[in-house]
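Engineer: Chains as they are written, first to last, in the numbering used here: chain A, 1 to 117; chain B, 1001 to 1111.
One should not assume that every hint holds.
[Stated by the list, open to error] Computed, partial: chain A to chain B, Cβ under 10 Å:
no. : residue
1   : G3
2   : Q37
3   : G40
4   : Q41
5   : F45
6   : A55
7   : G59
8   : D63
9   : L91
Since the hints were made in silico from the structure, they are not lab data. This one's a predicted model, so the numbers in the text were calculated from it and none came from an experiment. Yeah, the Cβ is synthetic: ideal placement off N, Cα and C, and Gly gets one too.
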Amino acid sequence: GAGVSQTPSNKVTEKGKYVELRCDPISGHTALYWYRQSLGQGPEFLIYFQGTGAADDSGLPNDRFFAVRPEGSVSTLKIQRTERGDSAVYLCASSQGGRNRGADTQYFGPGTRLTVL
Amino acid sequence: GNSVTQMEGPVTLSEEAFLTINCTYTATGYPSLFWYVQYPGEGLQLLLKATKADDKGSNKGFEATYRKETTSFHLEKGSVQVSDSAVYFCALLTGGFKTIFGAGTRLFVKA
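Bound conformation, chain A alone (with noise of 0.2 Å):
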């Protein structure tokens, strides 16, 4: 059993472009998370999905961040018009999704480095 794995493992792209990093879960489980992670810092919550849809998105620091689960299960996490301090590691993670959320694992994947020169 494979587990969350994201690509690509590293982006480096100029100031203004748009990016597209991608979310591969666990099979079956139905929660997803996005983190995004600093250098020094630990990982500051993105967003959540439940499903295909965004059950919290308080954590996406501007409309330049939008993040998509259309079928449930990939996530695609898109930055437009990216600026230099969009550099950080974004992880994500994945978990069963069950009601007791505080007993509900998360497995994180590698990360994808984004560099925004």
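Once you've looked at the hints, dock chain B against the given chain A.
Structural biologist: The following block gives chain B in isolation, referenced to the frame of chain A:
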């Protein structure tokens, strides 16, 4: 708002030394508490968790007890190994879906 504060690193210990990494939290309600670990070159993984006051989470020789009266969840291990060298993150989850992480503490264990 909800937050997690953990001791700054790096922490450098000799093999077989006792480890404590302090973590305190601020939260409304009754959060669940976690320790995650990130080994060099690997992804973040759950180390242990506790979902209610006085619960003790344990795994791989690490322990942490959920202390509501002191709002703490300190990580301990009686005898560290070189293979424990990693970054450790304390985290909390309250009624919603946001896990709040601390800034992380880097541990170096020398042979």
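Engineer: None of the hints should be skipped; say for each whether it holds.
Structural biologist: Results for each hint:
1. G3: holds (8 Å)
2. Q37: holds (8 Å)
3. G40: Cβ of G40(A) sits 7 Å from chain B, so the hint holds.
4. Q41: holds (5 Å)
5. F45: holds (4 Å)
6. A55: holds (6 Å)
7. G59: holds (7 Å)
8. D63: Not OK, violated: D63(A) not within 10 Å of chain B, min 19 Å.
9. L91: This hint holds: L91(A) lies near chain B, its Cβ roughly 7 Å from the closest one there, short of 10 Å.
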